Amino acid sequence: MLVKQTKNLTFFIPNVSNNSGAPFFDAGISAGFPSPAEDFKEQRLSLDKELIKNKEATFFARVSGQSMIGAGLDDNDLLVIDRSLEPANNKIAVCFLDGEFTVKRLRVDKGEVWLQPENPDYPIIKITQQNDFIIWGIVTNVIKKV
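Residue 59 in the UniProt record's numbering is what sits at position 59 of the sequence shown, and the numbering runs on without skipping anything.
Derived from the structure by calculation, the hints contain no laboratory data.
A quick note: this is a predicted structure, and the numbers were derived from the prediction, not measured.
Even for Gly, the Cβ is constructed at its ideal location relative to N, Cα and C.
Accuracy of the hints is not assured; some may be wrong.
To be verified - Between beta-carbon pairs, the in silico distance windows are:
hint, residue 1, residue 2, range
1, Glu100, Leu45, 34 to 44 angstroms
2, Val146, Gln66, 25 to 35 angstroms
3, Asn54, Trp114, 38 to 48 angstroms
4, Asn76, Ile124, 20 to 30 angstroms
5, Val108, Gln66, 38 to 48 angstroms
Could you build the full structure based on these sequences and the hints that come with them?
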């Protein structure tokens with residue numbers, strides 16, 4: 001369900017279902033030659049249980065832009081964001097800055113805060129008292145299409 005669309009992010013609320021998940025083979029997937037004798041045991045895997053630790057505080061947002069490609073966040077990736085987690089140095093956060101949402105790495109040192117992109121083509125943003133700034137949530141996972 002679409003909640004809000006901004007220039008940089010599109011937000012969604014998770015629709016947590018009570019289904020038992022998708023088939024999951026917990027045998028490891030070899031990138032080399034598979035063993036034909038491997039005995040696969042099918043289990044069920046719920047992505048809700050894997051990705052959502054706090055249902056009431058979890059949101060999804062789709063990335064727009066290239067500022068975080070060095071952290072593996074590419075255009076159109078889907079972020080899992082937990083608003084209940086405490087912000088900390090070096091965490092990737094979704095922030096509201098001067099009227100726009102953005103996703104950046106938090107840098108906190110001696111009471112000062114910077115938002116660091118993971119692409120050298122984008123500038124580091126120092127947060128000052130003149131900024132309208134809120135750390136909206138912490139990115140916990142990224143979902144990619146391959």
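Outcome of the hint check:
| no. | hint | in the structure |
| --- | --- | --- |
| 1 | Glu100 to Leu45: 34 to 44 angstroms | holds (36 angstroms) |
| 2 | Val146 to Gln66: 25 to 35 angstroms | violated (18 angstroms) |
| 3 | Asn54 to Trp114: 38 to 48 angstroms | violated (27 angstroms) |
| 4 | Asn76 to Ile124: 20 to 30 angstroms | holds (24 angstroms) |
| 5 | Val108 to Gln66: 38 to 48 angstroms | violated (24 angstroms) |
Violated hints, in rising order: 2, 3, 5; the structure is consistent with all others.
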